[in-house]
Every structure is written in structure tokens, then in C-alpha cells.
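**Q** Construct all of the structure, not just a fragment, from the sequences and the given hints.
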Amino acid sequence: MSMETAGLSAFGIVLIMALVTLSTRWGGVFVMSFVPIGYRVKQFIHAMSGSVFVALLTPMAVAGDNGARLALLTTAVVMLASKKPLLAISAGVVAAALVRQL
Amino acid sequence: MTPENSEQYQLNRSLVWSGFKQLAPISMFVIAFGLAFGLAAKQAGLTDLTIVTMSALVFTGAAQFAVLDLWGEQMPVITMIFTVFAINSRHLLMGATLYPWVKNLPPAKRYGLMMLASDANWAMAMQAFTAGKPGLGLLFGGGLALWSFWVIGSWLGIYIGGFLSDPKGIGLDVVMGCFLLAILLGGEKNLRMVVIWTIAGVSSLMAYWYLPENSHVIVGALAGGFAGLFLKEVKS
Chain Y
1 MSMETAGLSA
11 FGIVLIMALV
21 TLSTRWGGVF
31 VMSFVPIGYR
41 VKQFIHAMSG
51 SVFVALLTPM
61 AVAGDNGARL
71 ALLTTAVVML
81 ASKKPLLAIS
91 AGVVAAALVR
101 QL
Chain Z
1 MTPENSEQYQ
11 LNRSLVWSGF
21 KQLAPISMFV
31 IAFGLAFGLA
41 AKQAGLTDLT
51 IVTMSALVFT
61 GAAQFAVLDL
71 WGEQMPVITM
81 IFTVFAINSR
91 HLLMGATLYP
101 WVKNLPPAKR
111 YGLMMLASDA
121 NWAMAMQAFT
131 AGKPGLGLLF
141 GGGLALWSFW
151 VIGSWLGIYI
161 GGFLSDPKGI
171 GLDVVMGCFL
181 LAILLGGEKN
191 LRMVVIWTIA
201 GVSSLMAYWY
211 LPENSHVIVG
221 ALAGGFAGLF
231 LKEVKS
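Chains as they are written, first to last, in this note's numbering: chain Y, 1 to 102; chain Z, 1 to 236.
These aren't lab readings, by the way, just hints derived from the structure by calculation. Since this is a predicted model, take the numbers as computed values, not measurements. We treat Cβ as the ideally placed atom computed from N, Cα and C, and that holds for glycine. Incorrect hints may have been included.
Calculated cross-link-like contacts (lysine-lysine; reagent style DSBU-like; alpha-carbon spacing at most 30 Å) [unchecked claim]:
#, chain 1, residue 1, chain 2, residue 2
1, Z, Lys103, Y, Lys84
2, Y, Lys42, Z, Lys168
3, Z, Lys133, Z, Lys21
4, Y, Lys84, Z, Lys168
5, Y, Lys83, Z, Lys109
6, Z, Lys189, Y, Lys42
Going by beta-carbon spacing under 7 Å, a handful of chain Y positions derived as facing chain Z [as the list claims (entries may be wrong)]:
#, residue
7, Met17
8, Thr24
9, Phe34
10, Ser49
11, Pro59
12, Asn66
13, Gly92
14, Arg100
**A** Take a look at the structure:
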């Protein structure tokens, strides 16, 4: 199933995103008012919420150009060394720009 | 954990304002992230109004960036819903940890507060609760600060993006990937998580090559989630 992204349809997509996000903001409190969220469910959610980033990033790194690859590598190294996300992202962008200008 | 101190449940104008002020310094970073989002979204072909509306209504950086990756002439809706849900599923855990502190509030207030729950104000609110201080002002006031700076940042990004002639040449198309990677590496890191991420990455790549388009996000995230179920946490 797919939707157009042109015109008003774009706002439909935004509305769906907003509703899904709201369901996650309300869901935890709502479910807890009936039944406590168990350890196994927490483990699943915790692992899934990190894995979705990996799932998005892996094909990006494999299918991307050298600029994109070096950008991700640079961001990873700077992030692990400095723990400063803004610095890590900026370094990644600069790396991609340098590769493409050369 | 049961809250004992009734003052900790309080929520009034001065607590909200104090929460806003306490989160304002962090919100400067949020402007920068919003700016990056505005730039990336403009490149992905979203109209200015769509971008600002999205930041205002959805208010979740990582998921908004991820949706840009799916944004073409057509949007695969099921994949999009799953991606947004999976990234934001951490909100479910935030709600669960906040529950003892909001369960005695009237429903309108309880769910109104939760609309602004986000990583930074949730963490500050939980810290306050643990220290025996009121935290709901931080959650709501801090959330208002984060929200307004996120929207302002997105708008700034659109504005600046209008002046750039060759965004890809200066590396701006990688902002989204770098953002997601920085968020991932800023979280919990240990051998168990690395194994989970490897399983997620390999599954995603297999799906990317051999399964229908866009299924890799769902496949990778679920594979990682199940890996998390079966990999026991090492007690230290």
C-alpha cells in the first residue's frame, strides 16, 4: 500500500505519523493502567528501538557512495570518542563534502 | 517504586516555567537538530508547510528523519507506520516508568502531559522524582521548551535550505544517516547490544537485497527485537 506525497496527501502522511507517535506516547501509560508491562516486553521494545536504526543505516552504508560511507564512519568514531552528537554529525557531513569535492 | 511525597505530584504554573527554563539550554541543541531536519526535509522534496506541520504535530526527531528516507513520489504507508512505531516504541517504556507519577492525575491532564514526553525532559523528570523532587513541571515545561525550539529549528533549516544551490556537494544528504547513527551510539552500548545490532544489520541487508522494497526496516527491527528477547542480559 502506498500514498502519493504530492499536495494534500503529504498532510495525510504527516497526520498518520502524528497519530502513530501519539499512540506510543499514550500507550505506555494506558497499558500500565490495566496491566504492568513485563520484563520480556521491555526487553523486546528496548532491542527493537535500537535495531530499527541499524536496519535503516546498514543498506545506507552498503549501497551509498564513498562520501556517505566515510561520513557514517567519521560520525561513529567522533561520537564514540567525544559523546557529542552535534560534533559527530557535523564531522560526518564535512567528511562527505570533502570526499565529493576531491 | 511507589511515590510517598505528595508534593512530587504537583504541577502548577511556576513549576512548568521552571521546567521550561531548566530545559532551555538543552533546547539550543534542539534548534541545531531541527535546522538539520529542515535542511534534509527540504532536500527530500517536502514543501515548507509540510515540514513545519510535521515538526509541530509529530515532534520526534529520529522518526521524522527516518521517514525522509522513505519519502519519494509514493510513500510506502505500512513500512512508514512500522518505522515510526518502532523508533518511537521507546516512548512506551517512558510512559511505563512515568505511570506511578501520573496515575493519580485526571485523565485529560495525564494524557495531555504525555503528549510532550520526549527523551530529554523524561530523563530530567525521572531524575527529579528519584531525588524526591517534583518532576511533572520538568516533563511539561521542559517538553514545551523542546517542542518550540524543535519547530523554530525546522523553520530555520527550511529558510537556510532555500539559499543552498548544491546541498549534496556539501554533504548535506548524509545528515539523516549521521543523525540516526549518533543517536544509536549515544545509547546503551555493550556486547549484548552489539550482537543484537549485528543480527538486525545482517537481517536488514538480506531483506534489502532479496525481499520486496522497503521491507528491510521491518525485518531488521523485528530481528533485533527478537534477538533481545532471547539474549539474556549479563548480570554484573
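**Q** Now, for every hint given, state plainly whether the structure supports it.
**A** Hint-by-hint comparison with the structure:
no.: 1; hint: Z:Lys103 <-> Y:Lys84; verdict: violated (35 Å)
no.: 2; hint: Y:Lys42 <-> Z:Lys168; verdict: violated (39 Å)
no.: 3; hint: Z:Lys133 <-> Z:Lys21; verdict: holds (16 Å)
no.: 4; hint: Y:Lys84 <-> Z:Lys168; verdict: holds (24 Å)
no.: 5; hint: Y:Lys83 <-> Z:Lys109; verdict: violated (36 Å)
no.: 6; hint: Z:Lys189 <-> Y:Lys42; verdict: holds (17 Å)
no.: 7; hint: Met17; verdict: holds (5 Å)
no.: 8; hint: Thr24; verdict: holds (4 Å)
no.: 9; hint: Phe34; verdict: violated (11 Å)
no.: 10; hint: Ser49; verdict: holds (4 Å)
no.: 11; hint: Pro59; verdict: holds (4 Å)
no.: 12; hint: Asn66; verdict: violated (11 Å)
no.: 13; hint: Gly92; verdict: holds (4 Å)
no.: 14; hint: Arg100; verdict: holds (6 Å)
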